[in-house]
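*Asks:* If you're matching them up, the sequences are chains L and H in order. Its first residue numbered 169, the first sequence is counted upward by one per residue in my numbering. Its first residue numbered 22, the second sequence is counted upward by one per residue in my numbering.
It should be emphasised that the hints constitute simulated quantities derived from the structure, not laboratory data. Note that the structure is predicted; figures quoted are calculated from it, not measured. Glycine residues also receive a C-beta, built at the ideal position from the N, C-alpha and C atoms. Don't take each hint at face value.
As the list claims (entries may be wrong) - So the derived list for chain L, only partly shown, Cβ under 8 Å to chain H, looks like this:
1) Leu182
2) Tyr252
3) Ala256
4) Thr283
5) Gln403
6) Asp415
7) Tyr416
8) Arg417
9) Gly431
10) Phe459
11) Ile571
12) Ser574
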Amino acid sequence: MAANLKDGYLDMELLRFTTAGSVDDGKSTLIGRLLYDSKSIFEDQYNAIKQASEQRGETQVNLALLTDGLRAEREQGITIDVAYRYFATPKRKFIIADTPGHVQYTRNMVTGASTANLALILIDARKGVIEQSRRHSFIASLLKIPHLVVCINKMDLVDYSESVFDQIKKDFTNFATKLDVHDIRFIPISALNGDNVVNSSVNMPWYKDGPLLHLLETIHISSDENLVDCRFPVQYVIRPYKDEYHDYRGYAGRVASGIFKKGDKVMVLPSGFSSRIKEIDSFDGPVEEAFSPMSVTILLEDDIDISRGDMIVRENNLPNIGQDFDVMLCWMNEKKLVNGGKYAIKHTTKDARCVIKDIRYKVDIQTLHRDETDNSVGLNDIARVSIRTTQPFFFDRYKNNRITGSIILIDEATNETLGAGMII
Amino acid sequence: MVNYHLNHIKLLEAESVFILREVAAQFERPALLFSGGKDSIVMLHLARKAFWPSAIPFPLMHIDTGHNFVETLVYRDELVEKIGARLIVGSVQESIDKGRAAEETGYNASRNVLQTVTLLDTIEEHKIDVAMGGARRDEEKARAKERFFSHRDEFGQWDPKNQRPELWNLFNGKKRIGEHFRVFPLSNWTEMDVWQYIYHEQIDMPSLYFSHDRDCFVRDGVIYSCSDFMKLKPTEKVENMHIRFRTIGDMTCTGATLSHANSLEDIIEEVAATRVTERGSRIDDKRSEAAMEDRKKEGYF
Chain L
169 MAANLKDGYL DMELLRFTTA GSVDDGKSTL IGRLLYDSKS IFEDQYNAIK
219 QASEQRGETQ VNLALLTDGL RAEREQGITI DVAYRYFATP KRKFIIADTP
269 GHVQYTRNMV TGASTANLAL ILIDARKGVI EQSRRHSFIA SLLKIPHLVV
319 CINKMDLVDY SESVFDQIKK DFTNFATKLD VHDIRFIPIS ALNGDNVVNS
369 SVNMPWYKDG PLLHLLETIH ISSDENLVDC RFPVQYVIRP YKDEYHDYRG
419 YAGRVASGIF KKGDKVMVLP SGFSSRIKEI DSFDGPVEEA FSPMSVTILL
469 EDDIDISRGD MIVRENNLPN IGQDFDVMLC WMNEKKLVNG GKYAIKHTTK
519 DARCVIKDIR YKVDIQTLHR DETDNSVGLN DIARVSIRTT QPFFFDRYKN
569 NRITGSIILI DEATNETLGA GMII
Chain H
22 MVNYHLNHIK LLEAESVFIL REVAAQFERP ALLFSGGKDS IVMLHLARKA
72 FWPSAIPFPL MHIDTGHNFV ETLVYRDELV EKIGARLIVG SVQESIDKGR
122 AAEETGYNAS RNVLQTVTLL DTIEEHKIDV AMGGARRDEE KARAKERFFS
172 HRDEFGQWDP KNQRPELWNL FNGKKRIGEH FRVFPLSNWT EMDVWQYIYH
222 EQIDMPSLYF SHDRDCFVRD GVIYSCSDFM KLKPTEKVEN MHIRFRTIGD
272 MTCTGATLSH ANSLEDIIEE VAATRVTERG SRIDDKRSEA AMEDRKKEGY
322 F
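With the sequences and hints as input, model every part of the structure.
*Replies:* Shown next, in the form of structure tokens:
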């Protein structure tokens, strides 16, 4: 182990993935198996859920109890909220955002998907591609999750048939042409028996691409970051007021995308002033370059008035600058969206107000059909809307940049987060 | 070719630093809850990084049950002195003296639950609008449902079924007067991440985390340190054991583990091999299946 510490045990990649599913499609069993087989369930946790399962009169240890942490969830046997689970193998660390799959929990699915590199879609081999699988895939594509892994589960109940697997794969691929996802993988599994979850299945010798965990450990994610468009939203200005740092004025923030280097010529928005990067600073000393998603402090050669909400960019690669844009909006509150309504809006480190100029169409998330006649947007609905903000935003299309392309809307009276938008 | 890739430790650090800066930018009177345990030590270390070369722009707040390990208090005071931070201490003893809280009685009496009263009173007294805690989602099932930015009503209560959705890195810290927030910058860290980070950063830790000889007694399968705060039952006897603490709360609710780990490398190795959660030695969680959720709803850490 001491050797491991030095040979990369500290140097692992982190993969965030999301799962969505309902009670009976085996999602909890699959997560339970990943955690159990990777030895991430501890004895006291296992004993606690075993005891709880027995008390509820269940014959098997109910692995769903591991993820359903709230009293109400346990009582009702449903997942209400996003639960985050953590596990690690010697190759990678994983964060699972486990979300409920029913249509009334679309907002939770969207939440879980917003930070994920990969989505696991579960399909029951007996049922094939159903509405729920289409809905999950659509949300994954809407939120621009770069990798989609379709697990065709319960293969044990279809005699581990290759032709069943091939047919579902074909159906899904046909449907996926309507989606904007470029990396889709298919794995035949049985979560219950462990086929192709952690270990390769002896029951499906025709499948040669390795089990799910192997894919999760090896799928290439380092190119998911946008390292081209340099965007640095200023989060906080550091002025030490100490003698030894008399003229220190550092712009702290997290690189949204791109690579910033010492000496780079940059432009500051909204002022439009140009300067050069004097230094990229950190507690551990200056760094030569900063890339997403590093948190650093940038010092410029010139004294320019910069505050939170401003953005440091490259002159030859500017974001869109403007007060008008369209978003795909996922509505997350019982109170309906008001056409013409005014809301508080958050974008990168910027706070402003906005007005809903137009509700263009609503998307039926079962059929992906656009309905231009229906502009009633309620809880869990997804619609394309036009927004005008009180001040200019510096934004990119969500498709190109998940950080500078996303916004949330907030109720000005209750301060609740009402909706999440992806800039088109 | 340069590899533009952050390993998991650097990624978690960048995320936590972002959260800490977001707190300083969005709130007027933050405080960092500091218990002297490993998670709050790491959180404080990250706060120093987030605002360097400035001093951290908020005070530390310690809710002192009066039943602390001496080592914890010594460590706390030395660290505060070293980094020049301001420390606010909320005293459970004072809450009891003022009649705001009533001491539990019996062999298993603990001031764990009473801390909530002192915490909320201290937050109110100092007009704190956000208290940052070192809680992690992997620790406990109710915590797995917690947001980074967790809204509390004017009574300090958490409403788990009505939490604000939290997407991307957009954190909504808006609130009405009298309400406050709890923010958990280490939400995505695991126990292993914390120890790997401590190792990576070579952070000084309280001696309690390393194996040492100590007078202990065993109750309900848990090894307790002998202290003035816990009365031995007639059947219980004092034994000198070679132990360390995996988690540090106050003396009445923290169990020890038999261990020979006396370096950070040893601890990491032990954490990797262990088959029991760290909160398995926390008696405060064992009071019922939803003990943590219930305390959190009331305003606990």
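*Asks:* Determine for every hint whether it applies to the structure shown.
*Replies:* Consistency of the hints with the structure:
1. Leu182: Check passed: Cβ of Leu182 (chain L) comes within 4 Å of chain H, closer than 8 Å.
2. Tyr252: holds, 5 Å
3. Ala256: holds, 7 Å
4. Thr283: holds, 7 Å
5. Gln403: It holds, given that the least Cβ distance between Gln403 (chain L) and chain H is near 5 Å, below 8 Å.
6. Asp415: Hint violated; Asp415 (chain L) Cβ to chain H Cβ min 12 Å, cut 8 Å.
7. Tyr416: Constraint on Tyr416 (chain L) satisfied, holds at 6 Å.
8. Arg417: violated, 11 Å
9. Gly431: Violated - the Cβ of Gly431 (chain L) stays beyond 8 Å from chain H, reaching only about 16 Å at its closest.
10. Phe459: holds, 5 Å
11. Ile571: holds, 7 Å
12. Ser574: holds, 5 Å
Checked against the numbered hints listed earlier, the structure breaks hints 6, 8 and 9; every other hint is satisfied.
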